[in-house]
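Colleague: Here this note's numbering is used: the first residue of the sequence shown is 14, the next is one more, and so on.
Be aware that a few hints might be false.
To be verified - Within a straight-line C-alpha distance of at most 30 Å, the following computed DSSO-like cross-link-like pairs (lysine-lysine) qualify:
#1 K467 x K445
#2 K15 x K48
#3 K15 x K382
Derived by calculation from the structure, the hints in this document are not laboratory data. Computed from a predicted model, the values in this text were never measured in an experiment.
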Amino acid sequence: MKPIEAVPRFQEVLSDYPTLDKAAFAVAAESNVGKETLKRAYHRHRTDAGHVHGNSTLTAQQDATLVGVVQAFSINNLPMSTRQIADLVQTHWRKGVSLDWVQRWVGAHRRLLSLRACTALADKRAGPQVVCDVQAFCGELELFLTEHSFLPDAVFNYDETRVVQRGGRLTTHRVEAVFKDRDNAVSTRHNTLASLLTFVAASGTVFFSVYELKAKFGDGTSATFNFSMEKAPTTTRSAWPRFFCWNDTGYLNAVTFRSVVDHFAAEWTVRNPGRQALLFGDRLGRHMQVATIQAALNKGCFLFYLPPNSSHINQPLDEAPFANQKSITVSRSEQGNMDAVLTGTSARDTLLHCAYWAERHSSTPAAIKGAFLRLGLWPFNSAVMLARTSLALGRGPPCESIHGDARDAAAVVIRQATERVADVNKRAVRGKAVVERNILQSPQSLLDMDAAEKAAQARRAAVRARAAAEMEAKRAAREVHAAEKVVARANNTCRVCRTRVRRGGES
């Protein structure tokens with residue numbers, strides 16, 4: 014945790030301790046920061062929502078409100094334009110700003126505004142049930158840790174990610190065909206090459222990683238596959254084993270995961286005989302097979318599953334390690350594909366080699382240990398985990414003044430969008446016309462054809478209405494006739510036997 018993040022907690026408990034040093038010592042131990050560092054952060058902290066220059070156009074509260082509104086639209090994949098931000102400042106706070114001012118303001122807050130979801134989260138990932146599940150998870154883990162103790166090198170997180178070529182630019186993958194003189198160029202955007210399953214420890218080390226690749230097995234149990242891998246680097250304390258596995262889909266399944274867990278348990282037993290290990294992973298069906306869990310328990314490995322629908326918040330690997338890896342993989346892959354195009358060589362294995370390189374340079378001890386610490390998973394801190402979950406779901410600590418102002422500002426943006434749509438609809442004339450190719454049409458001729466089409470539609474609707482009325486009348490007449498037949502049959506039934514109908518009577 015950063016020292017500035019522990020300042021609010023320090024301010025809360027300050028009145029509970031007789032001196033500043035004792036309060037700082039207690040909060041520093043709780044937040045895993047230095048006491049002197051926390052005191053400096055406290056003295057530098059401003060309690061008035063930030064300090065701004067006297068010539069600033071917006072106050073500190075207005076600036077925070079504007080940041081929150083732009084973030085809210087951006088995180089829902091609806092980024093506001095420069096003109097919209099300027100109109101919002103003018104309408105909501107009566108302060109005229111130029112487009113250049115807005116561009117400078119966005120540049121100054123680039124780090125806070127560069128939040129964008131690739132796809133909107135499903136309701137189950139953003140509902141209040143997620144917080145309840147995290148609370149239950151924290152209670153279970155606290156109860157478990159009262160009876161078991163683990164060192165950081167025995168606490169692991171495993172997760173699966175995709176090695177995929179994606180990004181804003183369309184890359185070209187040159188595939189060499191043996192029977193042709195020139196290469197074939199095919200698109201590889203959003204093309205999944207492999208799945209990577211990585212085991213990392215809270216101490217900052219990588220236990221091992223597994224690449225899941227796709228192969229065509231058909232009806233048999235074996236297949237021929239042209240593999241490509243980097244030469245093993247010089248063995249150092251920072252190196253880790255890398256394994257490969259093939260199946261029909263290229264994705265991890267229950268059978269493959271069982272093999273991976275068995276291999277982990279065997280390796281752990283050899284490296285650390287007599288010690289137990291704690292593994293955190295996603296709550297997936299292929300991870301929760303009874304046979305897999307039982308086999309791991311028999312070798313002293315406890316499989317603990319993160320709360321459902323919250324792995325994007327509480328998964329250490331999803332934080333810095335995988336984020337850095339995907340960024341490095343994409344950038345180096347684009348460069349490798351361009352180099353292959355310029356040199357006329359094959360880039361069949363460029364993406365895979367870039368994934369190897371990115372894995373080594375993204376899974377650093379600092380990134381791994383920082384992810385575990387920031388997420389509160391290890392050392393386990395339920396307060397940090399619950400606070401992160403609440404904040405990620407928009408249920409952070411209340412700040413009514415800013416929240417209320419932000420709601421009003423967001424309502425202004427939505428109202429302005431509604432007004433612009435209504436204005437466009439007033440000025441727009443829409444219709445339907447039958448046109449011929451390469452023939453010029455005047456606006457009046459288009460309107461005439463639209464009027465003729467609407468008149469024809471009205472006539473057809475009238476014909477359909479008359480037909481429907483006639484059918485309804487016939488149906489009513491049939492019902493009346495059927496009722497009359499029932500009455501006549503009852504009147505002609507013999508009053509003695511109650512079964513025979515008088516001959517000659519209508520039945």
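Colleague: Against each hint, give a clear statement of whether it holds in the structure.
Modeller: Consistency of the hints with the structure:
1. Distance hint between K467 and K445 is fulfilled; the C-alpha atoms sit about 9 Å from each other, no more than 30 Å.
2. In summary, the hint linking K15 to K48 is supported, as the alpha carbons are separated by about 12 Å, within the 30 Å threshold.
3. Distance restraint check for K15 and K382: the Cα-Cα separation of roughly 14 Å lies within the 30 Å cut-off, and the hinted pair is therefore satisfied.
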